[in-house]
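J.: Residue numbers (our numbering), protein chains in the order written: chain F, 30 to 154; chain A, 30 to 154.
Calculated from the structure, these hints are not laboratory results. Here the structure is a predicted model, which means the values were calculated and not measured. Check before you lean on any hint, since a few could be wrong.
Since the list gives no way to pick one copy over another, a pair counts as held whenever it fits inside one copy or between any two copies.
Unchecked claim - Straight-line C-alpha distance at most 30 Å; calculated DSS-like pairs for lysine-lysine:
# : residue 1 : residue 2
1 : 141       : 85
2 : 49        : 144
3 : 35        : 87
4 : 118       : 35
5 : 46        : 144
6 : 144       : 118
7 : 118       : 141
Protein chains: 2
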Amino acid sequence: MAMTLKEIAHALVDGCKTGKEAENLDALYAPDAVSVEAMAMAPGGSPETHGIDGIKGKHAWWESAFEFLGGSIEGPYLHGADRFAVVFKVQTRNRETGAVDAMEEVGVYHVKDGKIVREEFFYTM
Amino acid sequence: MAMTLKEIAHALVDGCKTGKEAENLDALYAPDAVSVEAMAMAPGGSPETHGIDGIKGKHAWWESAFEFLGGSIEGPYLHGADRFAVVFKVQTRNRETGAVDAMEEVGVYHVKDGKIVREEFFYTM
Chain F
30 MAMTLKEIAH
40 ALVDGCKTGK
50 EAENLDALYA
60 PDAVSVEAMA
70 MAPGGSPETH
80 GIDGIKGKHA
90 WWESAFEFLG
100 GSIEGPYLHG
110 ADRFAVVFKV
120 QTRNRETGAV
130 DAMEEVGVYH
140 VKDGKIVREE
150 FFYTM
Chain A
30 MAMTLKEIAH
40 ALVDGCKTGK
50 EAENLDALYA
60 PDAVSVEAMA
70 MAPGGSPETH
80 GIDGIKGKHA
90 WWESAFEFLG
100 GSIEGPYLHG
110 ADRFAVVFKV
120 QTRNRETGAV
130 DAMEEVGVYH
140 VKDGKIVREE
150 FFYTM
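This is chain F alone, in the form it adopts within the complex:
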């Protein structure tokens, strides 16, 4: 039976808290899920990544670029039958420059047929 919105939302948050993000990509996401950044990461680029392999690539890039120092996760916050939001507050160290930074973002997740089909990130700028 398909997971409910609430089950998916709590599984995603629990996974982030226990270091199971990679397992969650396989368990909770649709193969053709789309990930949308707040803006394009490069001039002329697209803010959208299509497909679970691309989303895994984003996670791998992030982990190669940043060391996770600590942080908090708030939520999930539910909306209607098919969406939830999560607030991430993360302290990171840039592996290349050593710069320590605090990042805050809101993720909005869209669920269809028991899988996450779209994630959208909102940043402070």
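The hints should help you fit chain A onto chain F, whose structure is shown.
T.: Relative to chain F, chain A alone:
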């Protein structure tokens, strides 16, 4: 000239912090703006309120039902060309029952032609 997404987002947050919510409804919202709760407030009801007069009515109802004790507002968090999110953490007293409660919600705002045309609230449940 129409306000930019960033200007509107900061004006909304600043208004919430300084008690200018009512002025902001007139200044920042489109006349036909839609407000969407996380779920219908009554069985069989709709979670949607259409039009600025209805949204003003929601605010008036909230103020008649709850006393604002304190809280914090985080954001705005921007996404793309037309959306922003705000995190509200509010302590309230129910004016009828006296019950003190903590409410957390995420608001996602859609902007078009320099006005807020849709707001969607996400709750912890």
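J.: Please go over all the hints and tell whether each is borne out by the structure.
T.: Here's how the hints hold up against the structure:
1. Taking the shortest alpha-carbon separations for residue 141 and residue 85, only the intra-copy value of 20 Å comes in at or below 30 Å, while the best inter-copy value is 33 Å.
2. For the identical chains of this complex, residue 49 and residue 144 are intra-copy neighbours only, at 17 Å inside a copy versus 40 Å across copies, given an alpha-carbon limit of 30 Å.
3. In this assembly of identical chains, residue 35 and residue 87 lie within 30 Å of each other by CA distance both inside one copy and across copies; the values are 25 Å within and 26 Å between.
4. Taking the shortest Cα distances, residue 118 and residue 35 sit within 30 Å of each other both inside one copy (22 Å) and across copies (21 Å).
5. Within a single copy, residue 46 and residue 144 get their C-alpha atoms as close as 20 Å, which meets the 30 Å cut-off; across copies the closest is 37 Å, which misses it.
6. Taking CA atoms no more than 30 Å apart as the test, residue 144 paired with residue 118 passes in both settings, with 25 Å inside one copy and 29 Å between copies.
7. For a Cα distance limit of 30 Å, the shortest separation of residue 118 from residue 141 qualifies both inside one copy, at 27 Å, and across copies, at 29 Å.
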